[in-house]
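K.L.:
Given next are the chains, with one letter for each unit.
There are 2 protein chains.
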Amino acid sequence: MTAETIAYSDAGVTLKGFLAYDDKLKGKRPGVLVMPEAFGLGKNAKARAQRLAELGYVALGGDPFGDGREFTDLQEAIKVAGALMADPAKFRARARAGIDKLASLPQVDSSRLAAIGYCMGGTFALELARDGAPLRGVVSFHGGLQTQRPAVAGQVKAKILVCHGSDDPLIPIAQVTGFIDEMTKARADWEMISYGNTVHSFTNPDADGTMMPGIKFNAQSDARSWLAMKNFFEEIFAK
Amino acid sequence: MTAETIAYSDAGVTLKGFLAYDDKLKGKRPGVLVMPEAFGLGKNAKARAQRLAELGYVALGGDPFGDGREFTDLQEAIKVAGALMADPAKFRARARAGIDKLASLPQVDSSRLAAIGYCMGGTFALELARDGAPLRGVVSFHGGLQTQRPAVAGQVKAKILVCHGSDDPLIPIAQVTGFIDEMTKARADWEMISYGNTVHSFTNPDADGTMMPGIKFNAQSDARSWLAMKNFFEEIFAK
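Those protein sequences? They're chains A and B, same order as listed. Going by the numbering used here, the first residue of the first sequence is number 11, and it counts up by one from there. Going by the numbering used here, the first residue of the second sequence is number 11, and it counts up by one from there.
Keep in mind that the hints were calculated from the coordinates and are not lab data. Just so we're clear, the structure is a prediction, and the values are computed from it rather than from any experiment. Check the hints yourself; a few may be wrong.
Label-pair ranges, simulated between beta-carbon atoms [unchecked claim]: (1) A:233 <-> B:23: 37 to 43 Å; (2) B:36 <-> A:94: 19 to 25 Å; (3) B:245 <-> A:156: 45 to 51 Å; (4) B:99 <-> A:119: 54 to 60 Å; (5) A:222 <-> B:77: 54 to 60 Å; (6) A:245 <-> B:36: 48 to 54 Å; (7) A:82 <-> B:230: 26 to 32 Å; (8) B:57 <-> A:21: 54 to 60 Å; (9) A:183 <-> B:230: 23 to 29 Å; (10) A:142 <-> B:120: 25 to 31 Å; (11) A:82 <-> B:197: 54 to 60 Å; (12) A:219 <-> B:183: 43 to 49 Å; (13) B:88 <-> A:233: 47 to 53 Å.
Just so you have them, the derived chain B footprint on chain A, three or more residues with Cβ under 8 Å [said to hold, decoys possible]: (14) 40–52; (15) 59–71; (16) 90–96; (17) 234–246.
Every residue, glycine too, gets a C-beta built ideally from N, C-alpha and C.
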């Protein structure tokens with residue numbers, strides 16, 4: 011298994027991604043971009059990239075902020091992520107840079123690409139779908155569902171899977187119903203799984219509720235959503 | 011594979027169920043009750059029971075109306091089903107009779123039971139969960155989510171999976187949010203999958219939209235929801 015830092019760039023910013031793939035496999039494989047939480051590309055997103063590599067995919071952990079910057083302080087993360095998200099064109103371009111890098115790799119079948127993400131990373135994935143990026147699918151795990159640029163009818167190419175914690179205090183029900191309305195009007199191919207008894211960051215084993223009670227790991231919802239993603243990939247990557 | 015009519019009863023009514031299981035398998039297996047649409051126990055629910063038998067489960071297609079009565083006219087079905095559903099105690103007892111029959115069978119591990127259902131059958135399954143029936147899980151496919159007797163906190167034993175067509179005209183969004191509210195307050199273990207571009211009866215290959223446009227098969231949502239159920243069963247039936 012290969013796991014290494016890989017440099018790419020967007021708008022003059024050097025991005026330090028994390029590439030993982032099984033070097034024993036031959037031929038071109040589907041490529042999956044993994045966008046992290048607002049804390050930056052850290053160990054959780056990297057671990058997911060490695061698990062995707064074990065499934066036979068080429069996975070690229072995307073660097074949202076440049077130079078591999080990570081934050082431990084929630085307020086600082088919100089500030090930096092907020093600045094990035096304020097301009098939807100720049101935000102989308104940051105994710106597109108990761109997709110372009112992935113598509114350029116010799117191991118990757120560029121006709122079979124997907125993006126997944128966690129929290130802010132989920133929003134990255136959904137923004138790629140809204141932007142009409144040439145992806146087979148996107149998966150959002152506890153990602154924000156709002157957008158400044160709603161999807162346009164007939165323009166979404168990616169199938170969409172949203173994995174949502176029903177008690178997520180950062181994603182209230184009005185945001186959920188707004189998303190459903192947006193994607194229905196856009197005639198996107200979408201599916202949303204709502205997990206009961208589940209709050210924000212439910213896939214993150216380090217989220218123990220101390221940062222805030224509404225940010226907490228849920229082993230069952232984590233396992234279920236990973237399996238849902240796995241099945242989704244088998245569907246969308248079928249030739 | 012064995013597939014046969016099996017008689018049982020509820021409140022003096024003779025019910026004609028449909029039992030399917032793999033007779034080559036040894037030992038006790040999980041048992042799954044399959045409750046049909048309001049048209050009665052017909053070929054679709056029977057076919058699902060047979061597919062469950064192929065997965066290694068003992069499946070009982072339940073007879074909702076007695077004597078295996080089936081209807082082809084929608085208004086007649088609504089009338090008979092409506093009369094049955096009007097009394098929640100009787101409605102629940104009708105499903106309980108199926109569970110009791112299933113639990114009594116020598117092939118069935120009575121500690122590993124589940125109920126699934128389609129349309130009205132989905133409501134049967136959910137009512138069993140609300141009633142605190144001793145089930146590992148229930149799955150509703152395009153089932154009505156309303157109830158006269160909301161679940162009581164701490165009383166729901168079954169894990170719940172709801173597979174819902176987002177454009178189902180018979181199950182409006184207010185019913186969906188009401189269900190989420192009910193199950194959250196009841197602290198039930200629940201999960202809901204909403205499928206975009208999907209209306210009522212999406213699992214029924216005979217639903218071609220001629221009865222009404224909002225009653226129509228959707229091959230992708232059918233396949234996805236069946237797979238979700240399969241994975242759910244692997245989780246809940248694990249020893």
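K.L.:
Decide, hint by hint, whether the structure agrees.
P.N.:
Status of each hint after checking the structure:
Between residue 233 of chain A and residue 23 of chain B the Cβ separation comes to about 42 Å, which falls inside the hinted range of 37 to 43 Å. Remark: the range hint 19 to 25 Å for residue 36 of chain B to residue 94 of chain A is contradicted by a beta-carbon distance near 60 Å. At about 32 Å, the CB distance of residue 245 of chain B to residue 156 of chain A disagrees with the hint of 45 to 51 Å. The given range of 54 to 60 Å is respected by residue 99 of chain B and residue 119 of chain A, whose C-beta atoms sit roughly 58 Å from each other.
Take residue 222 of chain A and residue 77 of chain B: their Cβ atoms lie about 58 Å apart, and the range 54 to 60 Å holds. Distance hint check: the CB atoms of residue 245 of chain A and residue 36 of chain B are about 34 Å apart, inconsistent with the given range 48 to 54 Å. For residue 82 of chain A paired with residue 230 of chain B, a C-beta distance near 42 Å fails the hint of 26 to 32 Å. For residue 57 of chain B and residue 21 of chain A, the hinted distance range of 54 to 60 Å is satisfied, since their beta carbons lie about 56 Å from each other.
Take residue 183 of chain A and residue 230 of chain B: their Cβ atoms lie about 26 Å apart, and the range 23 to 29 Å holds. For residue 142 of chain A and residue 120 of chain B, the hinted distance range of 25 to 31 Å is not satisfied, since their beta carbons lie about 53 Å from each other. Between residue 82 of chain A and residue 197 of chain B the C-beta distance comes to about 33 Å, which lies outside the given range of 54 to 60 Å. Checking the proposed 43 to 49 Å range against residue 219 of chain A and residue 183 of chain B shows it is violated: the Cβ atoms sit about 30 Å from each other.
Distance hint check: the CB atoms of residue 88 of chain B and residue 233 of chain A are about 40 Å apart, inconsistent with the given range 47 to 53 Å. Here's how the stretch 40–52 of chain A fares: 0 of its residues keep a CB closer than 8 Å to some CB of chain B, so the rule of at least three is not met and the hint is violated. For the stretch 59–71 of chain A, the assignment as covered by chain B is violated, since 0 residues bring a beta-carbon within under 8 Å of that chain's beta-carbons and 3 are needed. As drawn, the stretch 90–96 of chain A meets chain B at 0 residues by the rule of a beta-carbon pair under 8 Å; below three, the given contact is violated.
Three residues within the 8 Å Cβ limit are the bar, and the stretch 234–246 of chain A against chain B gives 5, so the coverage statement holds.
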